[in-house]
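All chains should be built: construct the whole structure from the sequences, respecting the hints.
Chains E and R, in that order, are what the protein sequence lines are.
Read in the working numbering, the first sequence has 78 at position 78, and its numbers run on one by one without any break.
Read in the working numbering, the second sequence has 220 at position 220, and its numbers run on one by one without any break.
These are computed hints drawn from the structure, not numbers from a lab.
Incorrect hints may appear among the rest.
Said to hold, decoys possible - SDA-like mimics (lysine to any residue), calculated; alpha carbons at most 25 Å apart, straight line:
1) LYS102(E) to ARG278(R)
2) LYS161(R) to ARG175(R)
3) LYS119(R) to SER275(E)
4) LYS102(E) to ILE92(R)
As the list claims (entries may be wrong) - Computed list of chain R residues with no C-beta within reach of chain E, every gap over 10 Å:
5) THR127
6) VAL131
7) PRO139
8) LEU146
9) LYS163
10) ALA250
Quick caveat, the model's predicted, so the values are computed rather than measured.
Glycine residues also receive a C-beta, built at the ideal position from the N, C-alpha and C atoms.
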Amino acid sequence: MRRVGGGFLALIALTLPLWLPSAYHLHVAIMAGIFGVLALSLNLLLGYTGQLSLGHAAFFGIGAYTSALLTLTLEWSFWPALAAAIALAGAAGWFIGRLSLKLRGAYFVLVTISFAGVISLVSVNWIELTNGPLGLPGVPAPELGPWSLRTKTTYYYLVLAAVALSYAVSRRLVGSRIGRAFVALRENEALAESIGVDVTHYLVLAAVVSAAMAGLGGSLYAHYTRFVSPEVFLFSYTVTMVIMVVAGGKGTLAGPLVGAVLFTALPEVLRAATSWQWQMLAYGVLLVLLVVFMPRGIVPHINAAFSRTPRP
Amino acid sequence: MEQLLQHLVNGLVLGGTYALLGIGLTLIFGLMNVVNFAHGEFYTLGAYAAFAALGWAGVDFFTAVLAAIAAGAALGWLCEVTLLRPLRSESIDTTMLVMIGVWIAMQNGELLVWGGVAKSIPHPFPTAPLVLGPVAIAPLRLFVLLIAAGLIAASWLLIQKTKLGRAMRATFQDRDTAALMGVGIGRIHAATFAFGSALAAAAGALLGPVFLAYPSMGDLASLKAFSVVILGGLGNLPGATLGGLLLGVAEELGAGYISSGYRDAVGFVIIILVLLFRPAGLFARQERIA
Numbered sequence: 001m002r003r004v005g006g007g008f009l010a011l012i013a014l015t016l017p018l019w020l021p022s023a024y025h026l027h028v029a030i031m032a033g034i035f036g037v038l039a040l041s042l043n044l045l046l047g048y049t050g051q052l053s054l055g056h057a058a059f060f061g062i063g064a065y066t067s068a069l070l071t072l073t074l075e076w077s078f079w080p081a082l083a084a085a086i087a088l089a090g091a092a093g094w095f096i097g098r099l100s101l102k103l104r105g106a107y108f109v110l111v112t113i114s115f116a117g118v119i120s121l122v123s124v125n126w127i128e129l130t131n132g133p134l135g136l137p138g139v140p141a142p143e144l145g146p147w148s149l150r151t152k153t154t155y156y157y158l159v160l161a162a163v164a165l166s167y168a169v170s171r172r173l174v175g176s177r178i179g180r181a182f183v184a185l186r187e188n189e190a191l192a193e194s195i196g197v198d199v200t201h202y203l204v205l206a207a208v209v210s211a212a213m214a215g216l217g218g219s220l221y222a223h224y225t226r227f228v229s230p231e232v233f234l235f236s237y238t239v240t241m242v243i244m245v246v247a248g249g250k251g252t253l254a255g256p257l258v259g260a261v262l263f264t265a266l267p268e269v270l271r272a273a274t275s276w277q278w279q280m281l282a283y284g285v286l287l288v289l290l291v292v293f294m295p296r297g298i299v300p301h302i303n304a305a306f307s308r309t310p311r312p
Numbered sequence: 001m002e003q004l005l006q007h008l009v010n011g012l013v014l015g016g017t018y019a020l021l022g023i024g025l026t027l028i029f030g031l032m033n034v035v036n037f038a039h040g041e042f043y044t045l046g047a048y049a050a051f052a053a054l055g056w057a058g059v060d061f062f063t064a065v066l067a068a069i070a071a072g073a074a075l076g077w078l079c080e081v082t083l084l085r086p087l088r089s090e091s092i093d094t095t096m097l098v099m100i101g102v103w104i105a106m107q108n109g110e111l112l113v114w115g116g117v118a119k120s121i122p123h124p125f126p127t128a129p130l131v132l133g134p135v136a137i138a139p140l141r142l143f144v145l146l147i148a149a150g151l152i153a154a155s156w157l158l159i160q161k162t163k164l165g166r167a168m169r170a171t172f173q174d175r176d177t178a179a180l181m182g183v184g185i186g187r188i189h190a191a192t193f194a195f196g197s198a199l200a201a202a203a204g205a206l207l208g209p210v211f212l213a214y215p216s217m218g219d220l221a222s223l224k225a226f227s228v229v230i231l232g233g234l235g236n237l238p239g240a241t242l243g244g245l246l247l248g249v250a251e252e253l254g255a256g257y258i259s260s261g262y263r264d265a266v267g268f269v270i271i272i273l274v275l276l277f278r279p280a281g282l283f284a285r286q287e288r289i290a
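See below:
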């Protein structure tokens with residue numbers, strides 16, 4: 001049953017550009033895919049190791065700027081720039097992981113917020129490199145061999161491939177020894193350490209993989225919108241990722257994707273249904289209601305409703 | 001030297017309001033374990049409440065500040081009772097997400113009511129600065145500093161000398177034991193949240209006339225409040241006071257001597273350094289809510 005459902009969803013995702021009515025809907029689908037990558041990335045840290053990063057926009061932004069700068073100033077092509085974006089964001093994740101491995105809970109949250117704050121201010125003030133608040137226009141569209149991936153339809157498939165890759169990496173990681181070590185850390189760190197789980201090693205590993213994945217999302221975003229400015233570091237990006245993961249269901253693989261689709265589509269639906277002043281107000285109120293009625297997220301709620309045995 | 005003194009005075013004025021923000025947040029964060037991202041919105045609420053009281057009700061400035069404090073306390077109490085109380089057994093991420101929702105809703109509600117154009121809040125003080133030897137200070141800023149100092153002292157008395165304050169300290173130390181001793185945890189949480197929000201609203205009403213009131217003014221205020229909490233240590237009231245003053249002065253010095261573009265970076269760098277080297281706060285002591 002679950003396998004049939006998954007196949008059905010994959011079929012819908014693969015044929016989406018064929019039956020979506022307009023380019024605008026395809027744009028929303030592409031953004032949902034990019035946010036899907038970001039939500040999966042945050043979920044590795046928040047959902048599996050239990051560490052909340054509120055600086056995830058920093059890794060996203062580092063990926064976006066790296067890719068944009070390499071293609072614009074050094075005229076690299078898309079694929080090596082993408083690889084560099086992933087690598088540099090991963091390196092930043094390693095740095096933050098090493099820095100903050102002694103800190104837990106609220107303190108870890110604050111180091112990640114501060115890191116993102118500093119990086120964001122650097123992007124505004126280091127004008128020689130980043131062109132400051134004016135940003136970097138004209139980021140080239142990616143190419144695959146002789147073909148340009150400029151059209152929305154081809155870009156949709158590129159993003160879909162990235163989502164599939166991120167999902168596969170998450171799934172592989174979570175199902176392995178490493179994933180069980182993550183969960184052990186989340187549930188009881190002292191106990192995990194006492195049976196030989198190397199806390200530092202696994203937390204840094206989770207931070208690196210998560211940050212690299214966010215860098216992938218950043219690079220895809222830069223080459224899609226073709227423009228990068230300090231706005232990529234906005235705290236609202238991080239907040240959106242957190243909303244997607246927690247409301248979708250942290251610590252599940254499907255939850256972040258459900259959250260990404262829902263919370264990319266929701267503002268658009270609200271914009272169509274109400275005037276712009278009410279749009280974000282309604283978004284905030286809906287978020288509050290969702291958390292009050294489904295505090296553990298949508299996917300765990302649905303799972304609990306469909307399975308008879310109570311979950312631990 | 002004169003320039004340095006002037007920076008110090010400006011830093012103290014700023015720092016006094018940071019301390020108010022920080023005290024409110026450190027109580028909420030330390031006692032309730034809620035990462036309150038809506039804290040800055042209560043600051044914004046305070047500024048607009050003062051603006052409304054002055055413009056619509058036509059009261060004097062002092063009464064307007066009191067009205068802002070009352071508005072902050074009332075909305076904070078409502079927030080705790082309707083949203084946080086049902087989620088008390090949930091994880092810290094869940095309550096944080098609710099407060100993120102409150103933050104988005106409040107900020108856009110303010111945008112809806114007041115519009116995006118910044119409002120200037122009128123005040124009765126003369127604009128000519130008082131010159132005290134080498135430094136000059138606007139009378140409004142002096143008033144802000146004095147009221148902030150008074151509110152900080154009042155908070156300290158409340159925590160130290162009243163029965164409610166004793167119950168709050170007991171809850172902070174050990175919630176279960178406090179409950180067993182007959183402390184009504186629900187009442188304490190509601191009081192703490194209302195009190196913290198009232199202090200944030202007071203800071204907004206005080207700084208509003210110094211700068212301008214606009215819907216997104218709370219975002220930076222939240223971050224400053226978190227910096228102050230980190231500097232002072234969780235639940236540490238004197239720590240938050242000193243941390244607030246320190247942050248205000250450090251920002252003024254950073255803006256004055258390094259670059260005004262990096263003014264807000266000072267707070268972030270302080271957070272990172274303090275957490276790395278003194279994670280319990282700069283002024284860590286044994287008893288942490290006092």
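Structure-based check of each hint:
1. Distance hint between LYS102(E) and ARG278(R) is fulfilled; the C-alpha atoms sit about 11 Å from each other, no more than 25 Å.
2. Taken as a hint, the LYS161(R) and ARG175(R) pair is honoured in the structure, with Cα atoms around 20 Å apart against an allowance of 25 Å.
3. At most 25 Å may separate the alpha-carbon atoms for a hinted pair to count; LYS119(R) and SER275(E) meet this at roughly 23 Å.
4. Restraint check for LYS102(E) and ILE92(R): the C-alpha separation of about 19 Å stays at or below 25 Å, so the hint holds.
5. Against the 10 Å criterion, THR127(R) stays outside the reach of chain E, whose nearest CB is about 32 Å from its own CB.
6. Every CB of chain E lies more than 10 Å from the CB of VAL131(R), the least distance being 34 Å, so the non-interface label holds.
7. The beta carbon of PRO139(R) sits about 33 Å from the closest Cβ of chain E, which is more than 10 Å, so the claim that it is off the interface holds.
8. Residue placement check: LEU146(R) keeps its beta carbon more than 10 Å from all beta carbons of chain E (closest about 31 Å).
9. Separation of LYS163(R) from chain E is adequate, the least Cβ-Cβ distance of about 29 Å exceeding the 10 Å criterion.
10. With a cut of 10 Å on Cβ distances, ALA250(R) stays outside the contact zone with chain E, its closest approach being about 14 Å.
In this structure, every one of the numbered hints holds.
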